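Given these sequences and hints, build the entire structure.
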Amino acid sequence: KPVAVFPPDRVAILTQSGDYLSGRVTLTNITKVSTTATLRFDNLECEDEKDYICSFNYVNDFGVIYHDESEPTRIFVK
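The sequence shown begins at 52 in the numbering used here and counts up by one.
For the record, the hints were derived by calculation from the structure and aren't laboratory data.
Being a predicted model, the structure only gives us computed values, none of them experimental.
Ideal Cβ placement from N, Cα and C applies to all residues, glycine included.
Some hints here could point you the wrong way.
The calculated lysine to aspartate or glutamate pairs, modelled on DMTMM-like cross-linking and capped at a C-alpha distance of 20 Å, are [claimed, not checked]:
1) K52 - E98
2) K129 - E98
3) K52 - E122
4) K101 - D112
5) K129 - E96
6) K52 - E100
7) K83 - D102
8) K52 - E120
9) K83 - E122
10) K129 - E100
11) K129 - D60
12) K101 - E120
13) K52 - D112
14) K83 - D99
15) K129 - D112
16) K52 - E96
17) K129 - D93
18) K129 - D99
19) K101 - D70
20) K52 - D119
Derived CB-CB ranges, DEER-like [unchecked claim]:
21) K129 - V84: 34 to 40 Å
22) P123 - T66: 16 to 22 Å
23) T86 - K129: 31 to 37 Å
24) T82 - V128: 28 to 34 Å
25) F113 - G74: 25 to 31 Å
26) S121 - C97: 33 to 39 Å
27) I64 - E98: 31 to 37 Å
28) V128 - S85: 24 to 30 Å
29) E120 - D70: 33 to 39 Å
30) D112 - D70: 36 to 42 Å
31) D60 - F127: 32 to 38 Å
32) C97 - K52: 18 to 24 Å
33) V56 - F113: 21 to 27 Å
Take a look at the structure:
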């Protein structure tokens with residue numbers, strides 16, 4: 052389930068599934084200057100140890116909407 056949503060031209064938000072991250076992460080959305088959206092952990096806890104995947108939609112030059120996702124990234128907490 053998604054833990055955060057980065058809607059175009061709006062503020063990124065945590066979803067209900069991501070409530071456990073509230074106050075411990077910083078969300079940075081895509082802007083006109085930067086094409087990078089980030090979820091930065093400011094305070095890691097044991098429950099954060101899991102795989103995370105970035106799932107996204109984009110529109111090509113012909114107006115066709117595509118869906119893609121990254122490979123999983125695992126966070127290890129020691």
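Hints, one by one, checked against the model:
| no. | hint | result |
| --- | --- | --- |
| 1 | K52 - E98 | holds, 15 Å |
| 2 | K129 - E98 | holds, 12 Å |
| 3 | K52 - E122 | holds, 15 Å |
| 4 | K101 - D112 | violated, 35 Å |
| 5 | K129 - E96 | holds, 9 Å |
| 6 | K52 - E100 | holds, 15 Å |
| 7 | K83 - D102 | violated, 29 Å |
| 8 | K52 - E120 | holds, 13 Å |
| 9 | K83 - E122 | violated, 26 Å |
| 10 | K129 - E100 | holds, 9 Å |
| 11 | K129 - D60 | violated, 37 Å |
| 12 | K101 - E120 | holds, 17 Å |
| 13 | K52 - D112 | violated, 29 Å |
| 14 | K83 - D99 | violated, 31 Å |
| 15 | K129 - D112 | violated, 45 Å |
| 16 | K52 - E96 | holds, 19 Å |
| 17 | K129 - D93 | holds, 15 Å |
| 18 | K129 - D99 | holds, 11 Å |
| 19 | K101 - D70 | holds, 16 Å |
| 20 | K52 - D119 | holds, 15 Å |
| 21 | K129 - V84: 34 to 40 Å | holds, 35 Å |
| 22 | P123 - T66: 16 to 22 Å | holds, 18 Å |
| 23 | T86 - K129: 31 to 37 Å | holds, 32 Å |
| 24 | T82 - V128: 28 to 34 Å | holds, 30 Å |
| 25 | F113 - G74: 25 to 31 Å | violated, 42 Å |
| 26 | S121 - C97: 33 to 39 Å | violated, 24 Å |
| 27 | I64 - E98: 31 to 37 Å | violated, 20 Å |
| 28 | V128 - S85: 24 to 30 Å | holds, 28 Å |
| 29 | E120 - D70: 33 to 39 Å | violated, 22 Å |
| 30 | D112 - D70: 36 to 42 Å | holds, 38 Å |
| 31 | D60 - F127: 32 to 38 Å | holds, 35 Å |
| 32 | C97 - K52: 18 to 24 Å | holds, 19 Å |
| 33 | V56 - F113: 21 to 27 Å | holds, 26 Å |
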